[in-house]
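J.: Using the sequences and the hints given, assemble the complete structure.
Each chain, letter by letter, is given below.
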Amino acid sequence: MQQEKYAQIEKELSPKPPIMKNVIKAFLIGGSICLIGQFIALFYITYFDFTERTASNPTVATMIFIAMLLTGFGLYKKIAQFGGAGAAVPITGFGNAVVSASIEHKSEGYVLGVGGNMFKLAGSVILFGVFSAFVVALIKTILVKFGVVSW
Amino acid sequence: MKKLSIILLILGLLTGCSEKGTYIKNTTPYDEHSVENVLMSNEHVKLAKVLLYEDELLAGIRVNTFSRFKKKAIANKIQKKLEREYPDLKVTVSADSKILLETEKLINKKSEKNYRKKIDKIKSIEKEQT
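Sequence lines, in order, name chains A and Z. Residues 747 to 897 in this note's numbering are what the first sequence lists, from first letter to last. Residues 292 to 421 in this note's numbering are what the second sequence lists, from first letter to last.
Hints listed in this document are in silico derivations from the structure and should not be mistaken for laboratory results. Check the hints yourself; a few may be wrong.
Derived pair list, reagent style EDC-like, types lysine to aspartate or glutamate, alpha-carbon separation capped at 20 Å [said to hold, decoys possible]:
#, chain 1, residue 1, chain 2, residue 2
1, Z, Lys337, Z, Glu323
2, Z, Lys396, Z, Glu345
3, Z, Lys414, A, Asp795
4, Z, Lys361, A, Glu798
5, Z, Lys414, Z, Glu374
6, Z, Lys362, Z, Glu403
7, Z, Lys396, Z, Asp411
8, Z, Lys362, A, Glu850
9, Z, Lys311, Z, Glu327
10, Z, Lys396, Z, Glu347
11, Z, Lys316, Z, Asp379
12, Z, Lys414, Z, Glu347
13, Z, Lys396, A, Glu798
14, Z, Lys337, A, Asp795
15, Z, Lys412, A, Asp795
16, Z, Lys409, A, Asp795
17, Z, Lys408, A, Asp795
18, Z, Lys396, A, Asp795
19, Z, Lys409, Z, Glu395
20, Z, Lys414, A, Glu750
21, Z, Lys409, Z, Glu345
22, Z, Lys414, Z, Glu403
23, Z, Lys409, A, Glu798
24, Z, Lys418, A, Asp795
T.: Written as structure tokens, this is what we have:
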């Protein structure tokens, strides 16, 4: 009874999150990050021997490198505060999670501090990313076997 | 100044995508009209640059924006059609913008000196998977 009452009071008192505003902000920030990524991909396609398919790897690496620099200089958290999910969902958010965790635990030493805590936040991304990729590949393999779609 | 730069940016972005049609450079005795027919008969193709050189037929195509999801299938279909039309030529068709870009560079080149080398290079990067 007490718990329900608390939940009700908490619901009444806490301010309503501005969902629409947050969604628009996330759209703008996430879209801008992806636009920058698209420009980097075009740069690799135009000036190096990468095709649209192969350009994605160096593009991802470059985006993570930029996010790493921004995290180190303390600028990425400002972007993330404004953009919310728009800054967390692209690959730059993953880079930010890895780098900020390793900066935080640097004082505990390089092996047990940085090495042990680097994937504290990003570990779940890797785990569920690999798992969902496995599930999707399994479904696609089955569909290809039955001739519903082709590779 | 700021307004002007925004207007210029928008104009640049809009005009960047307006190139259309089929451009063919033929250095062989083969007839290139059926290439044009095959490419123009496909409603998904927006822009195509084709180069015929010795025993090679290199075609870079750009598909309409919403057909991009199946651009590989479109390119394969066109490749099969062209292979039927030109059984003596080695046909390479790709919807990748890199192939389009490189084919365009080759077409605009004045001398045909390095064509063989460049075509082999384009074909090898087209095959790369990762």
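J.: Looking at the structure, which of the earlier hints fail to hold?
T.: 6, 8, 14 and 20
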